[in-house]
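2 protein chains.
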Amino acid sequence: MRYEQLQWQEQMKIQVDFNHMMTEFIGEEEGFTREHIEALAGKIKDSHQRMLKKSGSGWLEWRKLPMNQEEVVTKIVRTAEEIRSRAEAFVVLGIGGSALGPLAVQTALNHLHYNELPTERRGGPRFYVLDNVDPERVAALFDIIDPAKTIFNVISKSGSTSETMAQFMIVFNLLREKIGSDYAKNIIATTDAEKGNLVKMAREEGYTTFTIPAGVGGRFSELSPVGLLPAAVCGIDIRELLAGAAYMDKLCQQEDVFRNPAYMLGVLQYLAMRRGKNISVMMPYTDALKYFADWYAQLWAESLGKRTDNNGEDVFAGQTPVKALGTTDQHSQVQLYVEGPFDKVVTFLGVGCYRQEVTIPKVFEDLAGIAFLGGHTLGQLIKAEQLATEYALMKAQRLNFTVTLPEINAFTVGQLIQLLEIQTAFVGELLDINAFDQPGVEEGKNATYALLGRPGYESKKQELETRPLKKSEYIL
Amino acid sequence: MRYEQLQWQEQMKIQVDFNHMMTEFIGEEEGFTREHIEALAGKIKDSHQRMLKKSGSGWLEWRKLPMNQEEVVTKIVRTAEEIRSRAEAFVVLGIGGSALGPLAVQTALNHLHYNELPTERRGGPRFYVLDNVDPERVAALFDIIDPAKTIFNVISKSGSTSETMAQFMIVFNLLREKIGSDYAKNIIATTDAEKGNLVKMAREEGYTTFTIPAGVGGRFSELSPVGLLPAAVCGIDIRELLAGAAYMDKLCQQEDVFRNPAYMLGVLQYLAMRRGKNISVMMPYTDALKYFADWYAQLWAESLGKRTDNNGEDVFAGQTPVKALGTTDQHSQVQLYVEGPFDKVVTFLGVGCYRQEVTIPKVFEDLAGIAFLGGHTLGQLIKAEQLATEYALMKAQRLNFTVTLPEINAFTVGQLIQLLEIQTAFVGELLDINAFDQPGVEEGKNATYALLGRPGYESKKQELETRPLKKSEYIL
Chain A
1 MRYEQLQWQE QMKIQVDFNH MMTEFIGEEE GFTREHIEAL AGKIKDSHQR MLKKSGSGWL
61 EWRKLPMNQE EVVTKIVRTA EEIRSRAEAF VVLGIGGSAL GPLAVQTALN HLHYNELPTE
121 RRGGPRFYVL DNVDPERVAA LFDIIDPAKT IFNVISKSGS TSETMAQFMI VFNLLREKIG
181 SDYAKNIIAT TDAEKGNLVK MAREEGYTTF TIPAGVGGRF SELSPVGLLP AAVCGIDIRE
241 LLAGAAYMDK LCQQEDVFRN PAYMLGVLQY LAMRRGKNIS VMMPYTDALK YFADWYAQLW
301 AESLGKRTDN NGEDVFAGQT PVKALGTTDQ HSQVQLYVEG PFDKVVTFLG VGCYRQEVTI
361 PKVFEDLAGI AFLGGHTLGQ LIKAEQLATE YALMKAQRLN FTVTLPEINA FTVGQLIQLL
421 EIQTAFVGEL LDINAFDQPG VEEGKNATYA LLGRPGYESK KQELETRPLK KSEYIL
Chain B
1 MRYEQLQWQE QMKIQVDFNH MMTEFIGEEE GFTREHIEAL AGKIKDSHQR MLKKSGSGWL
61 EWRKLPMNQE EVVTKIVRTA EEIRSRAEAF VVLGIGGSAL GPLAVQTALN HLHYNELPTE
121 RRGGPRFYVL DNVDPERVAA LFDIIDPAKT IFNVISKSGS TSETMAQFMI VFNLLREKIG
181 SDYAKNIIAT TDAEKGNLVK MAREEGYTTF TIPAGVGGRF SELSPVGLLP AAVCGIDIRE
241 LLAGAAYMDK LCQQEDVFRN PAYMLGVLQY LAMRRGKNIS VMMPYTDALK YFADWYAQLW
301 AESLGKRTDN NGEDVFAGQT PVKALGTTDQ HSQVQLYVEG PFDKVVTFLG VGCYRQEVTI
361 PKVFEDLAGI AFLGGHTLGQ LIKAEQLATE YALMKAQRLN FTVTLPEINA FTVGQLIQLL
421 EIQTAFVGEL LDINAFDQPG VEEGKNATYA LLGRPGYESK KQELETRPLK KSEYIL
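First to last, the protein sequences are chains A and B.
Number 380 in the UniProt record's numbering belongs to position 380 of the first sequence; there are no gaps in the numbering.
Number 143 in the UniProt record's numbering belongs to position 143 of the second sequence; there are no gaps in the numbering.
Just so you know, the hints here were simulated from the structure itself, not pulled from any lab data.
No residue lacks a Cβ here, since even glycine has one placed at the ideal position from N, Cα and C.
Watch out, some of these pointers could steer you wrong.
[Unchecked claim] Taking lysine-lysine and the DSS-like style, the derived pairs with C-alpha atoms no more than 30 angstroms apart in a straight line are:
| no. | chain 1 | residue 1 | chain 2 | residue 2 |
| --- | --- | --- | --- | --- |
| 1 | A | 200 | B | 362 |
| 2 | A | 250 | B | 471 |
| 3 | B | 383 | A | 470 |
| 4 | B | 43 | B | 277 |
[Stated by the list, open to error] Quick list of the computed label-pair ranges, beta carbon to beta carbon:
| no. | chain 1 | residue 1 | chain 2 | residue 2 | range |
| --- | --- | --- | --- | --- | --- |
| 5 | B | 121 | A | 193 | 36 to 46 angstroms |
| 6 | B | 5 | A | 366 | 30 to 40 angstroms |
| 7 | A | 465 | B | 58 | 22 to 32 angstroms |
Construct the entire structure; sequences and hints are all you get.
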């Protein structure tokens, strides 16, 4: 790598600032000390060792995605170019990680009104993620796209996600009606290499197919073809995304928590959880990262929200993620954060340098309440507000981190993904739980199957039909 | 009122189902009983009396909005018609309640891809809410609108909201550049009747102006011109919205908690808060109500998140609102809700009958994992999933409500607004706090003023400049 490039990467390194987690700033009652962290040395070492061990055992394959996909990336880029040249719209059919990752990256790295730009300025198809089965939403989408000129990327590892497959069945039928035997050209499947309905269909019907590698769970799949294809179709430099993730991964391989940003974020959140802080707020000060808070909410909630630990003991672990947006939610949530219960950790996501700037003109100079704004830029205003909010929280002794991206670009966004994924997995180890499964959603899935009459779910149906009836006196 | 109309209103009544808050369903440890509620009789009576008393004193004027705006509504409808005939875009400049209410109502009652519909189908201007000062976001909006053909509705009661006024200064300058002396025709101000910069400007410059009545705080202002003008511009029947709110208000005037849906929702949330449930999740099973969860998040957080009670004692009250969306967040949050800490109350927002329906075709009949979906509608699927999730939460002994709108229309949305506002105010009384102020945001505001050099904030500036420096060892 050239010296200039290394230097640029260094400049683009994400900063994790945990000053406002520490007693010097937050006070003794709420803050933490170096000693609190050092007292966990054994646990940190253990967790680090377990991470290393798992990395070969199939659960941490997502960590290698930034390093082992050269061939896949070439195929993705080629496919994306072809789609960009012929499609008017690109629709992801997916839910959970298959939707949240693509949405987060698209919003971070493309124009904030991308779909409303003129075609020539956009340079690629309009982009939609259909991550619900609300009939009004699905019907609304079909009002604004022409299926014949749309590529549908159906994403489901198992090929049995009810919401995604229901959407796919509708799209499949519609495409056959509209464009006949050529319909398969408008479908791309992203799924498991071997198992499930979707890979079976894809083979039989001849869809272009991408593989979600083994050991890459839905919420850790953004840097697999799940996220890379949609990003590339929208013109995002996916090699830079992966380079950023690889750069951060290296930083986070260090055992020393005082050098490893993911571990430090994780250890301090873990300490806060142990003190009963059951809420984790992510508050970006940029619309571009708004959907990163959604992506992180799944990662954090589904990975750490677990009834039992690795020994099978009931622990009812988890911290509830909350998505906020600065400055917007200063006018919605900050009153609560400053004055309410001492039950949360706030993570600010800041930006060093915004990609665009707008100056507030010097007008209404005789109105003292607003005249001082004139001459400043919006970038100065939003940064002052972020700093002021951090300061207000600190004064009120409220725990908060600040994670700063020097600029929003593919390299820093890649770093952010890897940073937060490693943090989450590491906290799973500290909590001694399995961060990679989701047993708690089975009950709801099975009840849905039963309600819709899926064969094999008769006893669950029986259970549902004989459940205690709701009391009408409890309905107003 | 005609008999048919009364009957229709009755059919359109929102249902509040609290079965899954009660011991019969949730078990003795987590559930509540009739006795728990009855034990609060004195407190409920007191709170009811205080609500009545406040209603004359200037804090509860928002409760009368559904009943006392005939004249204003006529002016709004006339103005909206004129705008619909000449504008290509309508942009709200506002933040907090001025943004969240208009967004929630627009998303609920208009097409889910409203801005992307062809003009003739939309019948009115495209609609945007600029509720942040992120320069990238502001610049992005100017890429897709033509200011000369856009009406800007600047909303700020005080006329000194920094974010809104900064936007306005930019727009003001831009309009003068683009269309010269006629620029005032593209501006509508919604503000206080007498006080503040904005009403002063509006008079001097001759903007069309609407008034936010006294006693109507930002988060309670959706049914004032703040929300009614944007709604009317987008073709929403604001008289029906108000009729729905009036209908619900009447139901919620009853002192008997077993007849008053807002009081019952409030009392049970209050009981849950007393047991340490510090998180309130709102989870609509419809994209149309997605932004209602955002609107509610402000209402709930800012009203109830208070350091001191009415006697000035430290209470650090508040419950953190969380926005979720069914079915989408079943694949993100439900794992945590079912298996994590017993720290939350979930409120499902359901729909009796979706306004559109899509049938899943009978295809892939040889694939057992998905064939059962064929022949069902998406409405059946999403409702089965809602029921299954409620059921799974109940089985895991997790407190949950279900609030059902028989259909989403202006009448039911009006009901929902009034229901949740009254619930919030009532919980404020139960907690013995002031639900109508927001002292906790002052520190951040003042620090922002100081950082931007506003005259009069020199000592705050001094304070900021001499604050302890962050330690570089706490930055990774």
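Exercise. Assess, step by step, whether the Cα of residue 43 (chain B) is no farther than 30 angstroms from the Cα of residue 277 (chain B), and give holds or violated.
Key: The given pair, whose Cα atoms are some 20 angstroms apart, holds under the 30 angstroms limit.
Quiz item: Does the Cβ-Cβ separation between residue 465 (chain A) and residue 58 (chain B) fall within 22 to 32 angstroms?
Solution: Given range 22 to 32 angstroms: violated, Cβ gap about 54 angstroms.
Quiz item: Is it true that the CA of residue 383 (chain B) sits at most 30 angstroms from the CA of residue 470 (chain A)?
Solution: With Cα atoms ~17 angstroms apart, residue 383 (chain B) and residue 470 (chain A) stay inside 30 angstroms; holds.
Self-check item: Assessment of proposed distance window 30 to 40 angstroms (beta carbons of residue 5 (chain B), residue 366 (chain A))
Solution: violated, 53 angstroms
Practice problem: Compare the distance between the alpha carbons of residue 250 (chain A) and residue 471 (chain B) with 30 angstroms, and conclude whether the hinted pair is satisfied. | Solution: holds, 24 angstroms
Exercise. Could you tell me whether the CB distance from residue 121 (chain B) to residue 193 (chain A) stays inside 36 to 46 angstroms?
Key: Given about 44 angstroms between the Cβ atoms, the range holds.
Self-check item: Restraint check for residue 200 (chain A) with residue 362 (chain B), where alpha carbons must lie at most 30 angstroms apart
Solution: Roughly 18 angstroms between the alpha carbons, so the hint for residue 200 (chain A) and residue 362 (chain B) holds.
Of the hints listed earlier, those the structure fails to meet are numbers 6, 7, in rising order.
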